[in-house]
Amino acid sequence: MNKNSSNIMTLAPNTSNKKETVCIFGTGDFGRALGHKMIQSGYSVVFGSRSTQTSSLIPKEAEVLSHAEAAQKAAIIIVAIQRQHYDFLTPLAEILRGKVLVDVSNNLKINQYPESNAEYLAQLVPGAKVVKAFNTVSAWALQSGTLDASRQVFVCGDDMEAKHMVMDIVRALGLTPLDQGSLLAAQEIENYPLQLFPLWKFPIFLSLGLTAFFFFYSLIRDVIYPYVYENKDFSFFIAISIPNRICPIVALILLALVYLPGVLAAIIQLYRGTKYSRFPDWLDKWMLCRKQLGLVALAFAFLHVFYTLVIPIRYYVRWRIGSRILSQALNNKTDPFSNTNGWLSDSYLALGILGFFLFVLLGITSLPSVSNSVNWREFRFVQSKLGYLTLILCTAHTLVYGGNRFLSPSSYRWYLPNAYMLSLIVPCIVLVVKFVLIFPCLDKPLTQIRQGWERNPQYSE
Amino acid sequence: MNKNSSNIMTLAPNTSNKKETVCIFGTGDFGRALGHKMIQSGYSVVFGSRSTQTSSLIPKEAEVLSHAEAAQKAAIIIVAIQRQHYDFLTPLAEILRGKVLVDVSNNLKINQYPESNAEYLAQLVPGAKVVKAFNTVSAWALQSGTLDASRQVFVCGDDMEAKHMVMDIVRALGLTPLDQGSLLAAQEIENYPLQLFPLWKFPIFLSLGLTAFFFFYSLIRDVIYPYVYENKDFSFFIAISIPNRICPIVALILLALVYLPGVLAAIIQLYRGTKYSRFPDWLDKWMLCRKQLGLVALAFAFLHVFYTLVIPIRYYVRWRIGSRILSQALNNKTDPFSNTNGWLSDSYLALGILGFFLFVLLGITSLPSVSNSVNWREFRFVQSKLGYLTLILCTAHTLVYGGNRFLSPSSYRWYLPNAYMLSLIVPCIVLVVKFVLIFPCLDKPLTQIRQGWERNPQYSE
Amino acid sequence: MNKNSSNIMTLAPNTSNKKETVCIFGTGDFGRALGHKMIQSGYSVVFGSRSTQTSSLIPKEAEVLSHAEAAQKAAIIIVAIQRQHYDFLTPLAEILRGKVLVDVSNNLKINQYPESNAEYLAQLVPGAKVVKAFNTVSAWALQSGTLDASRQVFVCGDDMEAKHMVMDIVRALGLTPLDQGSLLAAQEIENYPLQLFPLWKFPIFLSLGLTAFFFFYSLIRDVIYPYVYENKDFSFFIAISIPNRICPIVALILLALVYLPGVLAAIIQLYRGTKYSRFPDWLDKWMLCRKQLGLVALAFAFLHVFYTLVIPIRYYVRWRIGSRILSQALNNKTDPFSNTNGWLSDSYLALGILGFFLFVLLGITSLPSVSNSVNWREFRFVQSKLGYLTLILCTAHTLVYGGNRFLSPSSYRWYLPNAYMLSLIVPCIVLVVKFVLIFPCLDKPLTQIRQGWERNPQYSE
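Chains as they are written, first to last, in full-length UniProt numbering: chain A, 1 to 461; chain U, 1 to 461; chain R, 1 to 461.
No wet-lab data here; the hints were simulated from the structure.
Some hints here could point you the wrong way.
Note that the list lumps identical chains together, so a pair holds whenever it fits in one copy or between two copies.
[To be verified] Calculated lysine to any residue pairs in the SDA-like style (CA-CA distance at most 20 Å, straight line):
#, residue 1, residue 2
1, K232, I220
2, K232, Q448
3, K109, Y412
4, K385, P193
5, K385, I204
6, K109, C441
7, K333, S235
8, K109, R377
9, K434, L393
10, K201, L386
11, K291, I204
12, K291, Q40
13, K109, N375
14, K201, F381
15, K285, Y415
16, K60, P193
Sequences and hints are given; from them, build the entire structure.
Right under this line is the structure:
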C-alpha cells in the first residue's frame, strides 16, 4: 500500500489503482470505528484531532495529527464531528481547498436545521468538494462487523469525481453505495435514518382505529347485551371471540382499501379523459402505501386464521359442544344432518382457506427479493389479477359466513347489525365498481387513456 | 450542471465528472417520464421532436428542438419511439455518427420481428453505437417513483464504452444496470418483459392436470359411488373433503417429480460413464424448473395443512362425532381405547407436521435473498439432504395414513383403489432408486464421474 | 471482438472498451465451464494445456495452445489447475511477469495448507499480479446457467487495477463481484465454500441438547411414571404429546437466550463504565449468533403451533372427550361452565397466538432482503422492542398455561416439577433484569456510556 500518497493533491484518475490515505477529522466513536474498518480494508488512515496524543482507543496503525497536518496528508477528509462544531473548519479553508470533504453527520430530529448538515458544510468551506455519505451506517455495526441491517450507503454530492471516490471507499468497506444525485438530496439522506416506517404509519393507525371501533361495537353486542338482557357473563370473549371478530373485519376492509384507490384513479382518468394531470395529493399518498395496507391486512388475516384454528381447543367451545350432546342424550333425540348446513360450513371454510392462501402468496411476492426477480408484467399479474381474486374470495367467505342469518332481523341487537355486515360495505363497493369498469364501453377508453404513449402523441402535438 | 456540454462530441473519459446533456427522441409517455427522472437526477435533457412547440406535459427544464438540432447537443440519444417509425432516423445518419443510440423499445409479442429492435436500429444507423436498455422499466414506475417491481435494467451493446455510459445513467437514476453482453442479447432482453412466468408454466399446468384427474377420481369414489349404492348425498364434499384429498396427492407427486430428474440423470451418467455428454432436452428443461415444481408442491401442501386443520370446525365432522357419541350413549356401550389407533393417528400427524416443517424450510431457502446468502455447499445440503428427508417424511405420512386399511380389499370401490395409494407410486420409485444409488458399488463410480474435474483430465487428453 | 489483442501487454485503461482475450490454464471441468461462459459473454478464450490437441469437450470457439503460447496471448490468465500442480508455472515466470493471474482453486478441508493457494501462487510467480476469484462458483452452476445459489464472487488481490479487471469479467458473466480487500483475505475466501452454516452450529447443537434433555424428562414423567404406578401404556405420547411439550420449552429458552447476552453486556458496560473495552470472547460469539438462535427458536415455535392445532384431530383426544361426555351421560350429570377456566383457556391461547404472530414478524424482518430495506433505527425497533414484547407474551403464555396448577404439589411426580416450569427460569431472569435496567438510575448512565460518541470525546483526550 502506497504510504507516500500524501502529496497526491490532484484527483488524477491515474492514482485510482492505489488506495489513498484517508484523513478522518474527529476521534469520536464513529470516526474511530470508520478508521478501524478502513485500515482493515487497506487504506492508510490519519486522524485529525485537537489533541494529538494517541489514545488507546485509536487504531495503532493510524497517525494522529493536528487538523491542518492531517488534512495535508490526504485527498479525502471524513468529517466525523457534530454539526455544532463545524466552524473550527473555517480557518482551515485554504488547506481544504480542492479536497473531498465527506459529511457523515446525523441529526437528532427530522428537519432539525433549515439546511442539511452537508450543505452547511459546503457553505463553510466553499473551496472543498462536499460529499454526503455513511450517515446510515452505525458505529456499532462497523465495529462489530455484523451488518445485520442495511449495507446500503446513500451518497450524494455536486462533484461527480469526488462522489465516485467516496463510492469506491464505500465499496471497499464491503458496503453498497447508492448514488442519490446532487447535494440537494442531503436533507433527505439525513432524515432517512431518523424515519420510523413512514409509509406504515397511515396503515397502522387506520387499522388501530378500525380495531378500536369494532372492539367496542362487538363488546356492546356480544358482552354487554347478553349481560343486560340475559345476565350472562361472557367477559372472557375479550380474549379470543371478539379479537376473532375484529381481525377478519379489519383485514377485509384494509384489503378493499388497497384496491379502492386504483378504482378511484380509473374513474378520475375516465372523467378527465387523460392520464397526464396529477391525481389529488391524498390519492397519490394513498397509492404509495397500498403495499403496506395490504401487508397490515395480511397480518390481521393471519391472526384471524389462528384464532379460528384454536376454536376446537377452547374450553368454552368444548364445554358447549359437550353440553349440547348431553342434552340431546338426556332428551333422547338426535339432530338430523342438514345438507344445507354442510354446504354452508364447508364452502365458508374453503373460501377462507383459498383466500388466505392467495393472500399469503401476495405477501410473499411483495418481499423485496421476490419482487426484484419478476418482470413488470409478472408483478402486475400477481398484484392485480391475484389481488382481485383474493378480494373476491375473502368477500365471498364473509358473505357465506353470514349464510342463512344474513340480514335476518334476529341478528340485530340494539338495532346494531352483525359487525361482519359492516365489513362488507367497502369490498362490495370496490368489486361492483371494478366490475362496471370491466365492461368494454368503459374498459376500452380507459385502456387507451392509460396507454397514451402508444398512440404516438409525439407526432401530433 | 454544465449546460455547454453540447460540443462534447468525443466520448472522452475526462468528461465523466460532468453529467452530460442527454437527448431524447420522442415526447411520448415513456420519453417524458424518462426525461423527468433524468432532470431530477441532475442531467440536462433536450427532446428531439417533429413539432418543436413545448407541450405542458414536457418538463419545463427541458428544451424541445428538431431531431437534428437535439441530436447535436448530446453524445447520448435515447430513442423513445416505436420501431415502425425508426426509418425517420435514416436521413439523420450523418449527425448520429459516433453517437450512442439507446434503444428502449418493447414489442407486443415475443419474437415479433425476425431481428431485435436494437439490431434493426443498428442496421439503420450503422455509424452509431447502439445500446439496448430501459425496456424493462415502465413509464408508470418512473413517473410515480414507486419502483415496487424490479429495479434491474438489462443493458447490452457492442461498444463497451457506450454501454458503460448508459450504465452510469442507469445507476444515477437509482436503478441497477445488468450487463448482458453484446447486442446479440437484445432479442432476449426485448422478450423478457413479455414473459409471464415461463418456468412456472409446466409445473402449473402439470398440477392443474393432476388436480383435474384426482378431482374426478375422488368424485366418483366419494360422491357418486355412495349416491348410487347408498343413496347418500355427499355433494358438499366438493368444498373441503375432496380438495383435501387432492392437495396432499398432488403435493406428494410434484415433490417426487422434483427429485426424479436427479435420479434419472444419475442413471444416465452411470450408463454413459461420463458427465460431459448432454442430457436429453426434456431432462434439461425438467431440471431447470425443479424449484418451481417444488414451490407449487409446497402451495398444495400448504392448502392440505389448512384444509386438515379446519376439520374439527366443520359442521359435518361435529355432527358425525356428536351422533356417534349419542348412539353409544343410547346403546349404553363405550368404545374401548385402541392403543394401535392412538399410535397410528399420532404418528401419521407427527410425520405430516415434520414433513410440512421441512417443506416450508426448503421454500424459505429458495427465496432469492436467502439462497444468495448461503454458499454452494450449504445450498446443496439444504436442497438435497433436507429435500430427500422431506420426501421420506411425506411418503411415510401417506403410508401411515393408510394404516390398517392399506391395500385392504374393502377400500376398493368400483375396482378403484384409494386415491392416496396412486400418489405413492412416484415417490416410492424415486426413494427406492435413490436408495439403490447410495450403495457404494454405484455411489463410488458416480461420484468419480461427477467430480471428473478432480481427476485432472487436462493432463491426460 | 478484437482477436488481435494478444499484443496488449500493458494494462492500459484505453483498452477497456474492448473485451480482452482471456487465457485459461487447464482444460478441466471448471476451466472449460468458465471458458464456455466467457465466450458466451463475448470474450476470446485461449486455453493453455500440456497437450494442445483439442478435445470435443473444449468449446469450439476457443484455441488450445501450450501454456507459454497461450499466456502470451492475454493479459489475464485464469489458473484452473489444482494447487499441487502449481509448480509447472515456475518455468513460465518470465512470460507471466506483469500478467494478472487469477487463482480459482478450492481446497478439500478448511485451512488445509498453512498459506492460502493464492498466496502460494503469488510466491511461486512473484512477477505476476495474483487475484483470487471465482472459487465460490461451481462448474455445474456455470454450465447449467442455473445460478440458484449465490451469484456472489468474492475477489481479493494486492493490485487494485488487476482486481478491477477481474471484477469487470465477473460482472460481464452476470455475477456480482464483492471486493474483499488485499490477498490476505484469500485464506478466508478459500475457506468460505467449505463452511457449512458456521453460525448455526451452536444454536442447533444447543437446541438438540435441550431437546434430548426434555425428551427424557418428559418420558419419565408422562410415560414411565404412569406405566409404573397406574400400569397405563402411554407410549404413543412419543409421537405428539411429548414433542409438543418439548417444542414450546426449547423455543422459549432459546428466545430468552437471544436477549440474555444483551442484558449481560449492559451489566458489563455499567460495571466497567465504558463501552470501549472488549467483551469476553464467549459473549462476542454468543451475540454474533443471536439471529440464528432466534430463528431456531422460531422453528420450534412453528412446530409447537402445528402440534397444538392438530390436537382435536387426534384419535386419543377424540376418544377421551367422547368417553368423558359418555360417562356424564351415563351418570346423568353435567359439568357446570367455569368462567375461570373459560378465561384461563382463552387468554392462554390468545397470548400464544399473539406471541407467535410477533415471532413470525421478527423472522420475516430477519430475511436479508427485508432487513436491507429498513434503516438502522427501524431494524433496532423491530428486533429490540418487538423482540422483548414477543418474549413477554410467550412467557405470559407459559405462565397462564400453568394456571391453577402452577406450583401445586400434585403436579410433582417423583419430585420432578412440570417441564414447562423449568422453561420459565431463563426468560423470567432476562425479563426481571431488563426491567431493572429500565429504571432511570441505571438506564441514564447506560445510555450515556453507549452514546459515548455523542459526548465528543475527541476534544477531551
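Original post:
Checking K201 and F381: alpha-carbon separation at most 20 Å within a copy, between copies, both or neither?
Top reply: between (27 Å within a copy, 14 Å between copies)
**OP:** Check K291 against I204 for me: Cα-Cα at most 20 Å, and say if that holds within a copy, between copies, both or neither.
**Re:** within (12 Å within a copy, 26 Å between copies)
Original post:
Within a copy, between copies, both or neither: where do K109 and R377 come within 20 Å Cα-Cα?
Top reply: between (40 Å within a copy, 13 Å between copies)
Subject >> Intra/inter-copy verdict for K385 and I204 if alpha-carbon distance must be at most 20 Å >> reply: between (25 Å within a copy, 16 Å between copies)
**OP:** Up to 20 Å between alpha-carbons, please classify K291 paired with Q40: within, between, both or neither.
**Re:** Neither, since 40 Å and 25 Å both go past 20 Å.
Original post:
Between copies, within a copy, both or neither: which fits K109 and N375 at Cα up to 20 Å?
Top reply: between (38 Å within a copy, 15 Å between copies)
Original post:
Given identical chains, is K60 near P193, meaning Cα to Cα at most 20 Å, within a copy, between copies, both, or neither?
Top reply: neither (31 Å within a copy, 32 Å between copies)
Original post:
Which holds for K232 with I220 at a C-alpha limit of 20 Å: within a copy, between copies, both or neither?
Top reply: Classified as within: same-chain Cα gap 13 Å, cross-chain 44 Å, threshold 20 Å.
**OP:** Using 20 Å as the alpha carbon limit, work out where K232 and Q448 are close: within a copy, between copies, both or neither.
**Re:** neither (61 Å within a copy, 55 Å between copies)
**OP:** If the cutoff is 20 Å on CA atoms, where do K333 and S235 land: within, between, both or neither? Let me know, please.
**Re:** neither (32 Å within a copy, 26 Å between copies)
**OP:** Have a look at K201 and L386 and pick one of within, between, both or neither, based on CA distance no larger than 20 Å.
**Re:** between (26 Å within a copy, 16 Å between copies)
Original post:
Given a CA cutoff of 20 Å, do K109 and Y412 count as a within-copy pair, a between-copy pair, both, or neither?
Top reply: Close neither inside one copy (50 Å) nor across copies (56 Å); limit 20 Å.
Figure legend: structure checked against the earlier numbered hints; hints not met, in rising order: 2, 3, 6, 7, 12, 15 and 16.
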